[in-house]
Structures are given as structure tokens and as C-alpha cells.
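Chains as they are written, first to last, in the UniProt record's numbering: chain A, 1 to 645; chain B, 1 to 645.
Treat the hints loosely; a few may be bogus.
To be verified - In silico lysine to any residue, SDA-like type, Cα no more than 20 Å apart, as pairs:
hint : chain 1 : residue 1 : chain 2 : residue 2
1    : B       : K580      : A       : G608
2    : A       : K580      : B       : G548
3    : A       : K580      : A       : V550
Hints listed in this document are in silico derivations from the structure and should not be mistaken for laboratory results.
All of these numbers come straight from a predicted model, not from anything done at the bench.
There are 2 protein chains.
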Amino acid sequence: MNDGHNATQPDGVTTARLTVAPVAPGTATLLPLGIDKIRISGGFWGHRQQLNRDAIIPHIARWQERVGWTANFDAVANGTVGHTRSGREFSDSEVYKLLEAMSWEIARTGDEELEQRLQSIVERIASAQQPDGYLNTRFGNADQPSRYSDLEWGHELYCYGHLIQAAVARIRSGHHDRLVEIACKAADHVCDTFGPDGLAGVCGHPEIETALVELYRATGVRRYLRQARVFLDRRGRHSLQDIEFGRSYFQDDIPIADAQVLRGHAVRALYLSAGAVDAAVEADDSPTVEAVERQYQRTLQRRTYLTGGMGSHHQDEAFGDDFELPPDRAYCETCAGVASIMVAWRLLLTTGNLAYADTIERTLYNVVAASPSTEGTAFFYTNPLHQRVAGQPSDPDEVSPRAHAQLRAPWFEVACCPPNVARTLAQLATYVATTNRDGVQLLQYAPGTIHASLEDGQDVRLDVSTRYPDDGEVTVTVVAAPRDRWTLTLRIPSWADGATVEVDGQVSRAQAPSHTVHDAAADSRIVLRLPMEPRWTTADPRIDAVRGTVAVERGPLVLCAESVDLPGGADVQALRIDPKQPPRPVGDGAVAAGVLFVPNGGIEQPYGRLDAYIEDAYDIELPLVPYHRWANRGPSTMRVWIPTR
Amino acid sequence: MNDGHNATQPDGVTTARLTVAPVAPGTATLLPLGIDKIRISGGFWGHRQQLNRDAIIPHIARWQERVGWTANFDAVANGTVGHTRSGREFSDSEVYKLLEAMSWEIARTGDEELEQRLQSIVERIASAQQPDGYLNTRFGNADQPSRYSDLEWGHELYCYGHLIQAAVARIRSGHHDRLVEIACKAADHVCDTFGPDGLAGVCGHPEIETALVELYRATGVRRYLRQARVFLDRRGRHSLQDIEFGRSYFQDDIPIADAQVLRGHAVRALYLSAGAVDAAVEADDSPTVEAVERQYQRTLQRRTYLTGGMGSHHQDEAFGDDFELPPDRAYCETCAGVASIMVAWRLLLTTGNLAYADTIERTLYNVVAASPSTEGTAFFYTNPLHQRVAGQPSDPDEVSPRAHAQLRAPWFEVACCPPNVARTLAQLATYVATTNRDGVQLLQYAPGTIHASLEDGQDVRLDVSTRYPDDGEVTVTVVAAPRDRWTLTLRIPSWADGATVEVDGQVSRAQAPSHTVHDAAADSRIVLRLPMEPRWTTADPRIDAVRGTVAVERGPLVLCAESVDLPGGADVQALRIDPKQPPRPVGDGAVAAGVLFVPNGGIEQPYGRLDAYIEDAYDIELPLVPYHRWANRGPSTMRVWIPTR
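Based on the provided sequences and hints, a complete structural model is requested.
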């Protein structure tokens with residue numbers, strides 16, 4: 001066994017190594033807190049963490065067995081994989097993503113039975129690893145293409161990346177087990193093979209970069225960081241073959257620091273950005289951080305949907321051009337939402353800009369939360385903002401052959417989204433708060449407890465009570481506070497005009513992006529009140545596809561109209577809204593707005609002089625539901641952006 | 001040599017057999033005229049026919065040699081094709097489409113040198129045909145997959161279809177040569193292999209159906225018609241495997257007559273519709289004609305762009321849902337335009353509804369004419385109505401790997417569009433006029449001559465003089481007329497409010513779809529005046545993607561704004577038009593309209609309260625050019641639909 005990493009000198013990342021969180025930079029403006037320090041006790045996200053444990057993780061494990069992706073590892077061990085392998089070339093990574101989800105879930109709850117299930121999968125993976133560390137069920141075994149013979153599409157390094165992220169979760173939660181050994185051995189093999197003097201390639205799907213940096217942070221082994229930098233430096237220099245979609249598809253068109261905006265395959269672009277920030281932070285390379293931040297900011301301003309979703313093209317699962325954001329053809333892959341959160345989180349930690357927590361919140365509520373069904377046994381893969389034709393219900397026993405926007409499906413031929421949702425939900429607590437020299441920053445509002453040790457060793461303990469986002473009131477009780485000066489910073493979302501903070505009865509106005517309370521004593525009671533009236537939202541006029549429409553939002557939630565709420569189940573085409581009449585809440589997170597209802601009429605010609613088109617229209621009250629709940633009541637047509645009268 | 005077709009009794013399709021035109025039904029409401037009967041002498045289309053002969057056809061022949069697609073046939077003959085073959089699985093068909101274009105061009109002009117070039121390609125193809133008639137360079141030869149082992153994607157029957165269409169062109173223009181022998185032998189092989197008791201399959205790409213019906217019409221051999229019907233009856237009954245895009249991609253989801261609208265891959269859907277009409281016409285099966293007409297009408301009303309372009313999806317080159325017509329992601333493959341003309345023409349002939357000639361005109365001027373460059377050496381493959389980012393100029397020596405909307409490219413990995421344009425231009429005269437028992441119908445306005453023999457043997461000879469579409473005046477001189485009662489019907493386009501027809505000095509108002517002149521004597525002078533003032537066009541409000549915009553049209557031409565005409569080459573995003581001020585012609589087919597010019601401003605957030613967004617705007621006069629000319633002045637951004645103020 002060649003670990004290597006114990007032979008290398010750890011170099012000052014002690015804090016990072018011990019933080020029970022997926023991202024723990026050596027240096028940062030804001031430091032993450034581990035999921036052992038933050039507990040979500042219920043509410044919107046607590047409910048979903050429970051669902052993740054009870055339904056989502058078991059569902060994924062069951063399907064991975066059923067479709068044979070876990071058994072691929074057994075087949076490598078017994079030499080039959082060349083003839084029996086099932087799944088796409090990257091299916092190993094789905095098993096690893098599940099292991100990461102399980103690892104965080106075990107760290108969160110100490111679930112012994114889950115620990116045993118994890119170990120049993122790990123044993124099967126271990127049996128498939130080759131003596132030099134190589135590990136893949138699709139390449140390099142008998143009757144298979146040789147190792148690294150298809151870096152464009154083979155995904156071998158991408159798979160290692162997810163394996164390593166799972167191992168990091170284990171290390172950070174205090175385990176140094178077989179999974180960690182496998183991952184370190186694979187990482188050493190990668191360094192041996194793709195080092196500066198080795199094979200001068202990169203992976204067609206970035207992911208190994210962020211994983212290697214985190215493995216360095218978790219183990220202190222510098223060669224992992226160096227290898228991440230080697231991959232990042234090689235990117236954009238045409239080491240990959242050109243493909244039909246162009247080299248921008250896998251960001252091999254121009255070097256990372258030279259790009260102006262994210263482009264190509266959305267998940268690839270975002271994973272690469274995450275890795276680039278990670279490596280730059282460790283090298284104190286602020287120009288690269290700034291370059292990625294500039295690209296991500298422009299992407300948020302010009303290539304991001306109202307939901308936080310990213311990716312306008314189905315063909316290549318890619319970003320479109322600036323302002324090309326069709327709601328009906330929004331691809332908005334769930335994984336791109338997960339990946340956008342990864343980037344926003346890294347930029348938040350390194351820059352200290354709390355506005356990134358707005359992006360995380362928007363994406364969590366309107367992309368990640370939209371994916372699983374109420375039962376946690378079916379998932380959205382794409383997240384369009386307009387569904388023109390009601391989808392076909394999925395057979396709960398069938399693999400969905402397509403990533404089309406239909407109803408949620410139990411499983412997909414490409415099934416990255418379910419385990420990506422699972423690992424995000426399991427690690428969710430880390431996104432709730434950060435700490436720095438001065439105090440604690442409360443970023444996401446969920447009921448629970450937070451425990452931070454400030455730099456001088458003094459403890460802050462907070463108790464948070466809220467029904468957010470059903471309600472805008474968040475009560476923070478200071479259970480323990482430092483004797484010295486300290487700060488409690490509350491994120492104020494950009495939409496929260498008129499927010500107030502009450503500290504022990506004293507009310508102040510609070511403005512985005514944050515409000516800071518100084519030196520709150522133990523037993524202080526701080527009440528943040530965010531305005532939760534539904535509001536109209538309009539889009540930049542350069543987003544052509546939603547010209548002449550408005551959306552309704554309430555707090556962090558994007559709302560939508562569904563045909564099941566319209567007279568006779570009419571199509572959502574049939575609406576013209578009057579944005580002068582404010583929408584009003586009607587309970588349970590729903591909202592109603594007055595609209596002109598225009599039953600579909602027939603026309604002869606689609607183009608011409610159509611001023612007289614609207615007829616037989618009448619006023620109705622239009623119910624709107626949170627977007628994340630759409631399609632929970634059977635097939636429907638749906639739209640977020642409603643035409644104005 | 002097993003022709004078979006001489007052994008069978010021709011059965012009353014004599015007229016059809018002799019018509020020098022691609023479509024010649026046995027029975028029809030309107031009968032086509034051959035390209036020997038109609039001569040386009042110049043003008044918009046005459047210029048393009050000349051370009052086709054001088055540049056487009058030679059360019060295509062050169063590239064097909066260069067990329068080795070013609071040489072694939074030689075490689076079959078010498079047994080090396082399994083190792084040397086180049087091109088996609090359907091590249092044989094591109095050679096056949098070129099042969100069809102050459103055949104019509106030879107029929108049009110009697111070009112002897114072109115005849116020799118055609119024969120030399122035909123000889124090479126002949127050498128690749130197997131003794132039983134099988135002919136394909138991708139399957140069925142040594143070291144290749146076996147015949148018909150991949151009906152979903154193999155395109156073998158599709159290739160025969162194009163071979164047969166080329167042979168029909170030869171038969172109809174009086175040649176019974178090697179090409180005809182090859183095609184009939186292949187057709188006989190298809191009937192032998194896929195007959196009622198044979199292999200129960202259909203081709204993943206329809207095309208063989210329409211080709212077999214026309215071969216029946218040209219030869220009188222009924223088994224070809226029967227085999228077409230067998231394929232059409234099998235379609236929609238899941239004989240093909242399901243694929244990622246679903247069976248609707250190749251219209252194998254439901255039987256033809258049961259569909260409500262065209263769906264799936266646009267070219268496939270349209271070729272199938274053409275074949276279904278052809279077969280139904282020969283069987284006097286009016287329910288099937290009516291079903292296809294209903295589907296095509298709904299497609300025109302809900303799934304067709306202003307240009308006549310069809311297909312909203314890049315991913316599967318497919319129709320979108322009803323009203324899903326994004327201008328920026330319009331795929332609008334040039335071939336789908338060609339295919340739509342094929343369907344409209346067949347429906348026009350069988351129903352006699354001249355409004356289909358409006359559709360043909362719109363598609364010819366705004367899709368087909370847009371494809372070739374001014375020099376005839378580069379082509380558009382897709383035809384978007386909004387270009388957000390200026391394209392990269394194509395290297396004239398490079399094969400374009402993608403069907404992306406960039407600038408016109410010299411060649412494509414999938415190069416169906418150039419030869420499809422070439423065959424359409426070569427056969428264009430047939431679409432100009434039809435005849436029936438009563439007289440002649442003038443459908444497209446181009447300078448030239450028309451000669452029709454009415455049923456009683458009396459001749460009509462017309463001389464047409466016009467600068468259309470630069471000008472709306474069309475002068476028809478009756479050179480020869482029957483002594484008895486007869487009619488000359490002029491198509492009045494649906495946009496032509498206020499059209500007039502002057503007969504020997506007497507002016508009448510004329511209304512769409514047609515105006516009929518009775519019993520015009522020889523030497524009569526008939527002047528049609530179509531209003532050519534530029535006009536605003538709005539879209540059905542259910543086409544979400546162009547809400548709040550207008551387009552400008554002039555006669556049959558759709559106009560567009562290009563960034564090269566804006567101050568400082570600004571992006572076409574920067575426009576807000578006032579549809580109360582009429583646009584005005586400025587010569588050379590161009591138009592100008594007053595717009596508010598809004599130089600791009602920076603914004604922080606793309607969503608929010610943006611009422612105050614427009615600033616620093618000023619009025620300019622916006623030049624608009626015919627869409628078919630766009631991108632002729634270098635890279636530009638472009639839009640057809642202009643936002644209103």
C-alpha cells in the first residue's frame with residue numbers, strides 16, 4: 001500500500017483538516033463551520049434532510065444496485081466486466097457521489113447502519129482497484145479500451161474526483177478507513193501518471209481539480225495541490241481533441257484566467273471554476289480568484305435564470321450566449337445548480353461577500369429543492385421555467401431514457417442529479433453560517449443551533465428559531481457569547497427592502513447585504529424580520545425571451561402558475577396579468593394575483609395584423625405556487641413568467 | 001440486369017411520366033408543368049439558377065470528391081471500403097442529391113459537359129452495386145456492419161430514396177440510362193427485401209416512400225407504389241427501436257393518419273408527409289391526404305417561423321411544442337425548408353389551394369435563398385432569426401464540424417443542405433405555374449415564359465416580365481391563347497392588401513388567394529400590381545419568445561436588422577421600435593424605420609425592479625435588409641423581431 005501522504009509534512013492547514021465540511025480552505029476571509037457545529041433542527045431544510053436520510057439515499061443505493069452500476073466493481077474483481085458492464089462511462093462516479101452523501105449523513109447523524117452499508121460498498125470498490133491505484137470499471141480491464149485512451153469522454157479523472165470528495169468527507173469526519181486509502185492511492189496514481197513529466201492531458205469533465213485541492217487540505221500532502229495546479233494550468237491549451245460542440249464545451253478553448261464568462265457545458269464550467277478558486281486560494285493567487293469571480297458575476301448577470309438555474313441549451317447541456325435565457329427550453333440541470341452553489345460558496349469564503357449567500361439561497365430553494373418529489377423517490381433532471389405540454393408520468397419501475405423536462409423520474413440513464421442532490425442535502429448545514437476573527441455570520445435561515453469557536457478560543461452559541469420561508473421572522477437567541485467585543489452578522493437578502501432587526505427590543509432598519517449586531521450578550525434575543533409580501537419581478541430587457549412578462553416572488557421563493565389551478569385545467573398560455581394590482585398571499589406559501597383569463601382561441605395565421613386577437617377574456621384570481629412544488633399534483637403546464645396585459 | 005419495370009403494364013400515368021418535373025401525380029386538381037414548359041429568364045431566381053449552374057453544383061461536386069464521399073463507391077468496387085470509408089452513414093445520399101441537381105440542370109439547359117460529369121459519377125456508383133441490387137458504402141461490404149443491421153440510424157433506404165429521385169429526374173427528362181438502371185435495380189431489391197412477406201422494417205429516415213411513388217409514376221411499375229404503401233402503413237407501429245429522443249423523432253410513435261401535428265425531426269417528418277400524400281393520391285385515399293393536410297396546417301399555424309423555417313430544437317433538429325419558436329435558437333435547417341416546400345407543393349397539386357404557394361414563396365425567399373453565399377461557395381445550414389453573437393468567418397478550406405449558426409460555411413460534416421439547395425434551384429421552374437382543365441395558374445412571379453397545353457390540346461403561351469420582388473408589378477403578355485373559354489389565375493399573396501389586376505387597361509381589385517382573368521385573347525396584356533410598401537408584422541401572442549416585438553416585411557421578404565448598420569456596429573439588442581411610424585423603402589430592397597437606440601448599459605442584477613433601465617437613448621433611423629442577404633457583409637449580430645418601445 002502506497003499512501004505517500006503520511007510521508008509528507010503537513011503544512012499549517014490544521015484547522016481546515018478538522019472542519020467537518022466539504023470545503024475548508026487554508027486561508028479565507030470567512031471560515032466554514034463543520035456540520036458538527038451547525039444543526040438544522042427542522043423546518044424547510046430539516047424536513048428535506050430527513051427525507052434524504054429516509055428516502056433519497058436508500059432510493060439511490062437501491063437503483064444503483066438494480067441497474068448494475070455497483071456490481072460493475074464486482075465484475076472488475078472477477079474479470080468479467082468487459083462483457084457485463086452496465087451504465088454510461090461515468091457511472092462509477094454516481095456510486096462515489098452516493099458514498100459522499102452517505103459520509104456526510106453519517107457525520108451528521110452517526111447512523112451505524114448507514115456506516116455498515118457504506119463499508120460494504122467500499123469493500124466492493126476496493127476489490128476493483130488495480131495495484132498501482134488505477135480504478136475504473138469502463139476502461140483498462142480485459143476486453144475494454146485502454147486506460148486514458150479517451151480523455152475527451154472517458155471521465156476516468158472525473159470519477160476519481162468524486163471518489164476523492166467522498167474520502168475527504170470521511171477524513172473530515174474522523175475516519176481513516178478503506179475509502180480514504182483507496183482514494184489516496186488513486187490520487188497518488190493520478191499524480192504519478194499526469195504529473196509535470198507524465199501524460200500531458202486533462203479530463204474532458206473537470207472535477208478532479210477541486211477534489212485534489214480538498215484532499216491536500218484534508219491530508220496536507222502537497223503533491224495533490226501541485227497536481228491540481230498542473231491540470232488547471234493545462235486547461236484551455238487544446239490538449240483535448242476538438243469535438244462537435246467545440247472545445248469550449250469542456251473549457252479547453254482558452255486558459256482559465258483569460259475567459260470573460262462561463263461557457264460550454266454548465267456543470268463542467270462550474271466544477272472547473274470551483275477547482276480554480278480552490279487552487280488559487282492555496283497559492284494566494286488573487287488574480288485567478290478575481291478572474292473566476294468576474295466570470296461568475298457576468299454569468300449571474302447574463303446567463304442565469306431567475307431560479308438560479310444555469311444552462312440554456314439541451315443539445316450540449318451548455319450555457320447560451322448572454323441573455324439567451326428561454327424559459328421553455330431552460331435546461332437548468334439540477335447538477336448545474338449544485339455546481340453553482342459550489343462556486344458561490346468558495347467565492348463567499350474567499351471574498352467575504354455575503355451576496356453570494358443570496359445566490360446560494362436562490363439556487364437551493366428553486367433548483368435543488370425542486371428536484372426530489374415529495375416522497376424522495378423521483379427527481380427532476382432539468383428545471384425549465386415554462387412547461388408548454390403536460391408531461392407524461394414516469395413509471396416508477398423504469399429508467400428514464402432522457403433528461404427531458406417531463407415529470408420527475410425515479411432514475412435516469414445518466415443519473416448524476418439524484419446523488420448530487422443527496423450529497424448537497426447531507427452537507428447543507430455547512431452553508432448556514434461562517435465565522436471569522438470578529439464573530440459569526442448567519443447566512444441561511446433555518447431553525448437550529450450554531451456553535452463557533454472564535455480565534456481567541458471564546459465560544460459563540462446561537463439558537464435559531466424560525467418558520468422561514470413560510471414566515472419572515474427569524475429569532476436568534478444568544479446562548480453563549482464571548483466576554484470581549486464580537487459581532488453577529490445577519491445576511492439581508494437583496495430582495496428584502498424594509499427588513500428590520502430587533503435587538504433586545506430595540507428595532508433598526510437593515511439593508512442588504514448584511515446587518516451587524518455588536519457585542520450581543522448571552523441571553524440576548526435578536527429578531528430579524530424579512531418582508532415576505534409577494535412581489536413582482538421584471539427581467540433585464542435584454543432577456544428577449546421574457547419580454548412583456550413579470551414573475552412573482554415571495555422571499556427566496558420563485559412562484560409559478562400551474563394549469564391544474566386554472567379554470568378547466570386550461571393551458572397557462574391563457575393568462576394576462578396586470579402588474580398594477582399587487583399579488584397577495586393565500587397561505588401555505590401560495591399567492592394569488594388578478595389576471596385576465598384568455599381561453600385559447602383558434603387563429604388561421606400565426607403572423608399578421610393580430611391586434612384584435614384577444615376575445616372572450618374574463619378576470620380570474622390566479623393561484624401561484626412555489627416553483628419547487630410544481631408538478632406535485634400530476635401532469636400540468638406551468639410558467640414562471642406571466643405575460644402582462 | 002433485372003429491371004423488371006419494362007415487364008409490367010403501365011397503367012394510365014402517361015401524362016405524369018412525361019412531365020419534366022420532380023412531382024407528377026396520376027391525378028391532381030392542378031397539374032404540374034415541366035421545366036421544359038416554364039423558363040425563368042432572369043431576375044431574383046434566374047440569377048440563382050445561373051449561380052447554381054456556375055458555382056453551387058461545381059462546388060458541391062468538388063467537395064464531395066475532396067472529402068472522399070464519391071470515392072467511397074470506388075472503394076466498394078475495389079474491396080477496401082471497410083478500412084477507408086469517409087463521411088457519415090448517409091453520405092451516399094449527398095452524392096445522389098447532387099446527381100438529382102445535375103439531372104434537372106441538364107434537363108433545363110442541355111449542358112453536355114455536365115452530362116459527361118454526371119455519367120462519370122454514375123459509372124462509379126454502378127461499380128459499387130451488388131448483383132442483387134443492394135448498394136451502400138457504409139454497410140454490407142467486407143469489414144462493415146451487415147445490411148439493414150441498424151434501420152434506426154443506418155439510412156440505407158433513405159439513400160436509395162435520393163438515388164431514385166435522381167433517376168426519376170433522368171426518366172422524366174427523356175433518358176433511360178445507367179442511373180435509371182441502378183435505381184430500378186435498387187428499388188426492386190427493396191421490394192424483394194422489405195415486401196409484405198419480407199423484413200418488416202422501415203427506415204429511420206423517411207424518403208424512400210416519396211421516391212418509390214414517383215418511380216412508380218415515372219415507370220408505371222405498380223410494385224414500387226405498393227412497397228411505398230407497405231412502408232407508410234408500417235410507420236408509427238414501433239418497428240424501430242426506441243431511442244434517446246423518443247420514437248417521435250422518426251415518426252414511429254403513432255400511425256401517420258392518427259397524428260395531429262408534425263413532430264420529431266423536422267426533415268424526417270416532412271419527407272414522410274410528402275410520401276404519405278403521394279401514396280394517398282395514387283390510392284384515391286382522401287382521408288390520409290386530409291390527415292396530412294390537417295397536420296401540416298397546424299404546423300404552419302403553431303410550429304413555423306415567420307421565414308417559413310421549421311424546427312425549433314438543435315438537440316434533435318426537431319419541431320418544438322406548439323408556439324415554441326425561439327428566434328435565437330431557431331434551428332430552421334435549410335433542408336427542412338426544402339422539405340416543407342415538397343409537402344406544400346404536393347398539397348397544392350392535390351387540393352388546388354393556392355395559399356400553399358404563399359408558403360412555398362415565403363420559404364423560397366427566406367430559407368432557400370438565404371443559404372448560399374453571394375458566390376455560391378458557402379451555405380447556411382441553420383437559419384436563426386436572431387444572432388446574438390457575431391459568427392466566426394469560416395475557413396474556405398475547412399469542413400465545418402458543426403451545424404451551428406455561424407457564418408455560411410463551405411462544407412459540413414453533415415452536408416445535406418448544399419445539394420438540397422442545388423436540386424431545388426435546378427427544378428425551380430416547376431413551381432412557377434400549374435395547369436388544369438380550365439387554364440393556367442400563375443403561382444410564383446419571375447420573368448420568363450410559360451407554355452401549357454390544355455386538355456383539349458389548345459395551347460397557352462405566356463410571357464412574364466417583372467422585377468419582383470424589387471417591384472410589385474408583374475406584366476403577363478398572352479402570346480398564344482385558346483379560342484375557347486379559358487382562365488388565367490394569378491395567385492394573390494395573403495399579405496397583398498390592395499392588389500390590383502389590369503387587363504388591357506381595365507383595373508380591378510384583386511384579393512388573396514387568387515384572381516382569375518377569363519378568356520384573355522392573344523396579345524392581351526395583364527398587369528398585376530402587388531403592394532410592396534414595407535409593413536409591420538406581429539405574432540400570435542402565444543409565441544412567447546417574440547412577445548413585445550414586431551417584424552418588418554416587404555412583399556415576400558422578411559427583413560432584419562444587422563449590427564453592421566448600427567452606430568459603431570452596436571449590438572442589435574440596442575433597439576426599441578415605434579410601430580406607429582411606418583417603415584419606408586430606401587432602395588435595393590432595403591427599408592428604414594425610426595427606432596430608439598439604446599446603447600448597452602451595465603446592470604448589477606438581471607432581475608428586479610428595472611423600470612428605470614433605459615437611459616442615454618436617442619432616435620436613429622434603422623436600416624433593415626432582406627433576411628436572405630444577412631451576414632453577407634461580414635460577421636454581425638442580427639434580429640428579425642425588433643422590440644417595441
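Quick rundown of the hints versus the structure:
Using a Cα cut-off of 20 Å, the hinted pair K580(B) and G608(A) holds, with the two alpha carbons roughly 16 Å apart. Our distance criterion of 20 Å between C-alpha atoms is met by K580(A) and G548(B), whose separation comes to about 18 Å. For a cut-off of 20 Å, the pair hint linking K580(A) to V550(A) stands: about 11 Å separates their Cα positions.
Consistency note: the structure conflicts with none of the earlier hints.
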